[in-house]
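Chains as they are written, first to last, in my numbering: chain S, 185 to 686; chain F, 1403 to 1799.
In short, the hints are calculated from the structure, not lab data.
Note that the structure is a prediction, hence the values are computed from the model and not measured.
Treat the hints with caution; some may be incorrect.
[Unchecked claim] Label-pair restraints from in silico Cβ distances:
hint : chain 1 : residue 1 : chain 2 : residue 2 : range
1    : F       : 1757      : S       : 487       : 51 to 57 angstroms
2    : F       : 1412      : S       : 416       : 18 to 24 angstroms
3    : S       : 523       : F       : 1599      : 40 to 46 angstroms
4    : S       : 562       : F       : 1412      : 36 to 42 angstroms
5    : S       : 536       : F       : 1599      : 37 to 43 angstroms
6    : F       : 1655      : S       : 561       : 48 to 54 angstroms
7    : F       : 1404      : S       : 645       : 27 to 33 angstroms
8    : F       : 1523      : S       : 561       : 26 to 32 angstroms
9    : S       : 652       : F       : 1523      : 44 to 50 angstroms
10   : F       : 1412      : S       : 368       : 41 to 47 angstroms
11   : F       : 1404      : S       : 652       : 37 to 43 angstroms
12   : S       : 625       : F       : 1694      : 54 to 60 angstroms
[As the list claims (entries may be wrong)] From the derived model, a few chain S residues whose C-beta atoms are all more than 10 angstroms from chain F:
hint : residue
13   : 264
14   : 512
15   : 539
16   : 564
17   : 660
Where is the CB? At the ideal position from N, CA and C, for every residue including glycine.
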Amino acid sequence: MDKGSTDQPTSSLLYSSLNDNVTMVTKRLGESSDLVVRHISINKTPCAVLYMDGLVDKNTVQEYIMEALMLDMPSKRASVKALYEKIKTASLPIGELSEVEHIDELLHRLLSGETILLIDKEKKALVASTKGWRDRGVQESTAESVIRGPKEAFNETLRTNTALLRRKIRDSNLRMDAKKIGKMTQTDIAVAYLEGTAEDSVVRDVHKRLENIDIDGVLESGYIEEYIQDAQYSPFPTVYYSEKPDTIAAGILEGRVAIIVDGTPEVLLVPALFVNFFQSSEDYYQRADIGTLIRILRLVCFCIALFMPALYIAFTTFHQEMIPAPLLISLAAQREGVPFPAFVEALIMELTFEILREAGIRLPKPVGSAVSIVGALVLGQSAVQAGLVSPAMVIVVAITAISSFVIPAYNMAIPIRMIRFVFMVLAATFGLYGIILGMIALVFHLCSLKSFGVPYMSPFAPFVAKDQKDVLIRFPHWGLFSRPTSIAKNNETRTNPNSKES
Amino acid sequence: MTSSWVRISLIIICLSLLSGCWNSNELDELGIAVSVAIDKNDEGDYLVAVQVINPSEIATDAPTNRPPVSTYSTTGETLLDAFRRLSAKSPRQIYFSQMRLVIIGSKLAEEGVMPSLDFLYRDHEFRTSFYVAVAKNAPAEVMLSIVTPYEKIPANKIMNSIDNVQKNWGVSKGVSIDKLIADVRDKGKSPVLPGIDLLGDPEVGNNMSNVENVDAPTKLEVDHLAAFKEDRLVGWLSEMESQGLNYATGDVRSTIVTHPCDDEGTISVEILRTQSSMKSKMDGSTPEVTIMVEAEGNVAEVDCKIDLGSPESIQEVNKEVEKQIEKTIQSSVTAAQEELESDFLGLGSAVHRDNPTYWKSVEDEWDQQFTELDVSIEVKAKIRRKGNSTQPINKEG
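Given these sequences and hints, build the entire structure.
This is the structure we're talking about:
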């Protein structure tokens, strides 16, 4: 399990003198103020308990280490060796207890929140796992809210996150391979997958890519994502992430591999296909019919968010003959007196919206309402009244903005936001012709992408008839008889369709 | 890697900048034309008038007293010449793709419309779905400068009226330019076009005060059909002849057939569905054309003593309706063969369809042949419903 930590360079061993060891540790840590060193004496043998304040659960240290060592030890003096063995085997009522011989290892364990027991004349140190620091607890998901379905979300603690997954999948094949990445942060990483279901090649690939990472620190799973993603220069994400345990568990059940990064509530999931970003876990909790319709709606919204401003520009500046006469008259009337060309008008409004959106995210909550007032009233209404933009353009920008929020995965909404401007430029220079050219280029690009060896656009390109049951349409659960073949080729069967009530 | 990226992005930047937005027009730079009037003046030059809409007057919450449309007219040696001369008068580039209607002046119609149709059909800016009509009692350009009540865009008013007349009455019909051209080129069929009448004083109609009246003093009205021979106007059909033509070609969707009953009153039948076919048969060496019309309808208005409860009287009504429709069609056939000598019914096409070999031999002298053609008319009428009451409400007892 501890593959990541064993390949550290073998360093100097511990001294036999307690004082030497303690001095060494305090020196190495630069006499840091949060290092607690408690000298005690067990049966007249000098010992020291070391821990980092704030990283340990003080109650555990107090009750199960200090009390056990200071109060409950028999008074009969024994040899150091016997004392060490006794403490190791019998005296410490702590679940995780191990021993270390190397100083670097000791320091690392100390800094991870474990408690070290050093005994004079003993060249090994006992390490008790007393990790315990303040975390948020398991709270309701804020970024991906659902109406029906589990509300809990991952938090920043790796162990909590793995436990959340274990609670959902009680299968002995669920693997949690541990890794440490980051020369300084030594961030714990767990690679979770179902052995026998996930493709071995993908699991190997994940391990290989993670091991190749050479970085000083990992503070968020985004660091990892940028190292392991396939298409480094594509705006489209090839790694899925979610902060909901049920979403990640569903991915693991399909044969995907999850990467949990300590300190990050967002868990990565690979391989990620284009269609995954348009699916929400709630599609599977609500009835199949509405799940299907919502998925189609999302795809429509994807198109609106991507093409609407571009189409508006193309139609109004190049292809007026394609607009029905009453609409054309209405649009023309709105454009009377607008000082900018349609493209500039669209650009101004889209930029304004992006500014408002960014301001809204960063601002503290009490100021946020001020921004929405300025945004909605001043920019929306007054700009129209002042004749700077046409009302139709405001509608176009609004529907574009709202449509981009329909896409459940935030990281898929980002390429749409960026590519939208490219399409607007194409529309302003070439009209519909430019939009079609851009679309062709976009489709080429999407089809060229891969995520951990799986074609990004599958099951559309290459077309897999069997997998269409859970892409645009969602079959009822008894109809989802096999795992997606592009992801899991072994252990395909998911359900017996005949087990439903007929 | 880097150089190829640089090259690709240079190409993209150049492509989008060098293209220079050719053909791009902002909406507020366009004068959207909804109808065009074409005529010839006495010098033989084309006279062109264009009706452009004033969008802010049409789509607005706060209308001012400016007119919703403006008309510009000019003359030119050719149509294109005249259209380009309009730019001197119009503040905006005139945009023809949304045009709904072309009104042809009677002088041009009598001379032949084909040369002007060529331009309207050839130019990519024109759609091929606009209606063509003939100005009957006023110069075509005057028709365009009438402000119409109720419907702000006069071209829409005319177009809607043509459609409504065709749908509810059947004495006129809308003819789009591609149909007109097809008919002109078809040797077995001559085209017809709806006529437009101007009622009242054009000077008054040109002024916004025209529409400030509840009953506008100057109005535009859809008239019956104008019959052409090849591309030249040869005469106007009467109401009955126009309706007969529509029956024969299956263009009557709904109309009213009124016939006397019991010598004292009338009974009106609302025709709801008609179906027509034209069949040709060779009778020895001469062809014979049969026009078959099936009509279905309801009894709509009864002003005589008749017992609609009995099947016999329904039969009676059926017969009367058949007789009326036959008479209507016959009047049209007579007009075609004797008065105007123009095969606007498309009898030649029927012969062409059913006897192609014979048609080949007469194709070129069909104009003379056709006046001698035997035409028989068969009408079948069927009353479907009698309305809410079986008996006339004034029936005693």
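Consistency of the hints with the structure:
{"no.": "1", "hint": "F:1757 to S:487: 51 to 57 angstroms", "in the structure": "holds (55 angstroms)"}
{"no.": "2", "hint": "F:1412 to S:416: 18 to 24 angstroms", "in the structure": "holds (22 angstroms)"}
{"no.": "3", "hint": "S:523 to F:1599: 40 to 46 angstroms", "in the structure": "holds (45 angstroms)"}
{"no.": "4", "hint": "S:562 to F:1412: 36 to 42 angstroms", "in the structure": "holds (41 angstroms)"}
{"no.": "5", "hint": "S:536 to F:1599: 37 to 43 angstroms", "in the structure": "violated (54 angstroms)"}
{"no.": "6", "hint": "F:1655 to S:561: 48 to 54 angstroms", "in the structure": "holds (52 angstroms)"}
{"no.": "7", "hint": "F:1404 to S:645: 27 to 33 angstroms", "in the structure": "holds (30 angstroms)"}
{"no.": "8", "hint": "F:1523 to S:561: 26 to 32 angstroms", "in the structure": "violated (52 angstroms)"}
{"no.": "9", "hint": "S:652 to F:1523: 44 to 50 angstroms", "in the structure": "holds (47 angstroms)"}
{"no.": "10", "hint": "F:1412 to S:368: 41 to 47 angstroms", "in the structure": "holds (42 angstroms)"}
{"no.": "11", "hint": "F:1404 to S:652: 37 to 43 angstroms", "in the structure": "holds (41 angstroms)"}
{"no.": "12", "hint": "S:625 to F:1694: 54 to 60 angstroms", "in the structure": "holds (59 angstroms)"}
{"no.": "13", "hint": "264", "in the structure": "holds (64 angstroms)"}
{"no.": "14", "hint": "512", "in the structure": "violated (6 angstroms)"}
{"no.": "15", "hint": "539", "in the structure": "holds (25 angstroms)"}
{"no.": "16", "hint": "564", "in the structure": "holds (18 angstroms)"}
{"no.": "17", "hint": "660", "in the structure": "holds (46 angstroms)"}
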